[in-house]
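Undergrad: Spelled out from the first residue to the last, the chains are:
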Amino acid sequence: MSLFIIVALPFLGALLPGLMNSAGRAATAGVTFAISLAAFVGLLTNLPTVLAGEVVMARVDWMPLLGLNFSLMLDGLGFFFALLILGIGLLIIAYARHYLSRDDNMGQFFTYLLLFQGAMVGIVLSNNILLLLVFWELTSLSSFLLIGYWKHLPEGRQGARMALTVTGMGGLAMIGGMLILGEIVGSYDLSVILQNRDAIQADPLYVPALLLILLGCFTKSAQFPFHFWLPHAMAAPTPVSAYLHSATMVKAGIFLMARMWPVLSGTPEWFTIIMTVGLITMVLGAVIALFKHDLKALLAFSTVSHLGLITMLLGTGTAFGAMAAVFHILNHATFKAALFMSAGIIDHEAHTRDIRRLGGLRKLMPVTFVIASLAALSMAGIPLLNGFLSKEMMLEEANHTVLFNSPWLVPALATFGSLFSAAYCFRLIGHVFFGPVRDDYPAKPHDPGSGLWLPPAILVVFVVLIGVAPFMAEPFVKLVTASLLGDAAEVPKAYFKIWHGLVPALYMSLIAVVGGLLMLLIFKPSLRLWDKAPRPEAKVIFEAIVEGVVRLARALILPLHNGAFTRYAAIGAVVFVVAGYHAWTTGTVGATTRTLQAVNFVSIAGWMMLVAATVGMVLMHRNRLLSLILIGIVGLMVSIGFVYFSAPDLAMTQFTVEVVTIILLLLALNFLPNTTPIESSILRRVRDAGVAVIGGLATFALSYHYILRDAVSAPISEFHVANSYKGGGGTNVVNVILVDFRGFDTYGEIIVLGIAALLIYALTESLLSGPVRARLLNRKPDQARAGDKHPMMMVVMTRVIMPVVLMVGFYIFLRGHNEPGGGFIAGLIVSIGVVMQYMASGFGWASARLRYPYHGVIGAGVLIAGLTGIGSWFVSKPFLTSDFTYVRIPPFEKFELATAALFDLGVFLAVVGAVMLSLESFSRLARLAQEPSDDEPMDIDPSRDDLPTSLASSEKEGV
Amino acid sequence: MTAATELMNIAIFVAFVTLALGQILSMVRLVLGPTSGDRILALDTMVINALGLVVLLGIYQGVQIYFEVSLLIAMLGFVSTVALARFKLRGDIIE
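Residue numbers (my numbering), protein chains in the order written: chain A, 853 to 1811; chain B, 192 to 286.
A portion of the hints provided could be inaccurate.
To be verified - Label-pair distances were calculated between CB atoms; the ranges are:
| # | chain 1 | residue 1 | chain 2 | residue 2 | range |
| --- | --- | --- | --- | --- | --- |
| 1 | A | 1413 | B | 224 | 21 to 27 Å |
| 2 | A | 1749 | B | 205 | 45 to 51 Å |
| 3 | A | 1746 | B | 255 | 19 to 25 Å |
What the hints assert, rightly or not - Below, computed lysine to any residue pairings styled on SDA-like, alpha-carbon distance capped at 25 Å:
| # | chain 1 | residue 1 | chain 2 | residue 2 |
| --- | --- | --- | --- | --- |
| 4 | B | 279 | A | 905 |
| 5 | B | 279 | A | 1526 |
| 6 | A | 1330 | A | 1697 |
Source of the hints: derived by calculation from the structure; they are not laboratory data.
Idealized CB from N, CA, C, for every residue including glycine.
Turn these sequences into a full structure, and let the hints steer you where they fit.
TA: Dropping the structure here:
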């Protein structure tokens, strides 16, 4: 099966469980299982190729210019991890089906699980490090969803947040490291990078790249000092813990270290950093695990410890160490998943995971006892179980490793860690299953149905099988090791045997097991000692750090970003002026290339009015209605200015926007006081005035500068003028730019416009349901109101002019391609025509005659524009490629048909919808404050005999 | 230069000056007020004058592309006046 399908299956399949939710729990789990199984089988079809030592590749160029390609690779290492991810995933799905209770939303759970699975498979099959980063972040996000699955538990939410913060920050660091790596090699393809060991290690940026990548690996794989997130992630449902912390999430960091092993390992930096971190993590995790009372916390810290062990083995940089690491990854995945599932069974049946409240379960849950004990003994390193073999190899390797010039440091610490590891395994068995049967369990424990115990049992079969017959796993492990090592080293010859003779590793193992038993004997006194010893609490430190960072961010941001527009404007103006002044004084200023045009009386008059309106605005801005009228003058004069400078398109747009703006602002003013109160001190107003004057003068200087000079480089407008008719088929350059040259921008803009209108709708809707509602209901007009709501003259006039407006809109729309006009202006014209009806006959009357909701109109516009763009795909052209042709239908003249006109239709609809939706939303607010408006078009209607209800009632009151 | 174009030029000049003066006087009325009604009417007058200015500009330059602008101003210019007037009369312009 193609690698693409293997990676895509879980992602596509993630849609299904959510949809299947109503079909029942068995169906939901069944479909999830089937999807995973399909991917698993697909993976296995590639097994013969991988066994032959070949690498399966699949590649599609995604963004080749960025070096980001959808390129997949399946070699031994990737196959090994994918096998673990999908294989254990299958068992977890079967287990989760029986573990989750009826209250849990199973579809949601399996959707998250499949997303996570797909992201993990993507990581291990990526052949492009940028693609790998994408999947890497996807695992962080999907694991956040999984860990926080029980949203009602605060621990779940906090644990998920902590995991996301730590792994997400590591991911950010790793992006930096990967980019450096790609820059050194000149390619982001893993297969190329893996060939360039010498170039990478000789580069001066090797150490920063290594540090950044390791930061990503260590956070993901919970290495010291980032190990603290893993135990807190235990708030997740047990299937999640079993999956994330045995075979997948935390192994991603390990995988990446293994993947990068051929190019990054072998240097002193690699050795020292990874060995130290791995050793500390291993010992620390083992010691803490012994003293944890929560079964899952114990397993969590044991996972931390074992991850440290694997990290350390990879850090040795020797081929034997790498082989031991691969073998231990396999063994750890089997026994740890089985143990987590057993812990889940105990929690499920006894309703507690507290070891102090358990004991004696051996007789009550014999099946679980056998499964958990075998897995735990394997973890402790007891012969004839798989954990023993890889632990022996680890001790053997540790015995040869010299760290910080001390030949005994690594062996001693490894033995010490193994001792505690054995001790917590023995404690798990002894304190949970042995001892007297108690009568105070929260629930009567008994063995669960086969659905819960079968998945861990299958894993335990492997634990025993590999333990008894290690030669069965040997070829596979060596194959994986060979692909891990690449060209960097030879696969070691050592055989997997239970009995190696009386080697030092055996003595170390013996010390660990006997010491572990002794530790258990003195557990009670040492626990008292442990409880008394002061320990830093990771969660408190983490929260404090987060708190501190938030405070710092607030201290930085709030002074700049205090929510007052005046402050932003002031800061922006000052910054621009200073930057512009800097540019002016340090740069060279070209000679003037143009002269000023002569001014005539009319333009002086227009200029005077602009100045007068602006000055009047400054002086009288506290009267809001007056300032609105002044804005109207400015808008009017600016449109005249556009006409004067031969830009009729702009003039039409400016004028129509002006009308809509005034209506919109009047709707808002209805809810505002008539005057703006003086709120700021005189000093502040003087300061603001200073900033405003400086900003104005700077703008003037800049405009004056450019009036006298041509642009430094050739302006793009010449290209547009030259190509408008040739390439776009239209003679109106402005319109061709909008719908053709920059069609993609326009497409984005109409989407933004639609979003803005929907936002206004949403905001006003939520206002109506909030506390504002009561105030609106009790609102009294602040001055006397005229009596006629819907004057007859206005109604008749708007009704008569409506068809004319629509026709002009249609005309402006059609001619847009060649003459001034187009969809945007036409949209505004038609909106004004419709708003007139609202103003004349009222909200109720107009909306009763509304056939299509404005949301739908916006959506239709965006859809039409988008489909027009997509249409060019069918003729193998890029998105939004336009085409045009000339047709002649007698008796008309020859005319043009362009796809751009369809796109323009989309613009038109989006503009109409957006303008109308925002106006309607504002006027909806006022609806609450008044009696429901009647359905009559006008107050006095000669064609009607009776009085409208509103007038009739007021007449009655008057009597 | 024929007498006709001469006359035309003079006529256009006079019309320009008249309209510009009209605009300035409307502006004075708008600033002085005293009531909102005066100001709204001043704005409406200015819209009409602006319409005249655009048409005149088209005649002066001898081009037709300004026609649609004047069409739009003529057709929709009253809407803002009506909206402002409704705001004064009823407070709520869409009820």
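Undergrad: Each of the hints needs a verdict: does it hold here or not?
TA: Hint check:
no.: 1; hint: 1413(A) - 224(B): 21 to 27 Å; result: 40 Å, violated
no.: 2; hint: 1749(A) - 205(B): 45 to 51 Å; result: 47 Å, holds
no.: 3; hint: 1746(A) - 255(B): 19 to 25 Å; result: 21 Å, holds
no.: 4; hint: 279(B) - 905(A); result: 85 Å, violated
no.: 5; hint: 279(B) - 1526(A); result: 11 Å, holds
no.: 6; hint: 1330(A) - 1697(A); result: 81 Å, violated
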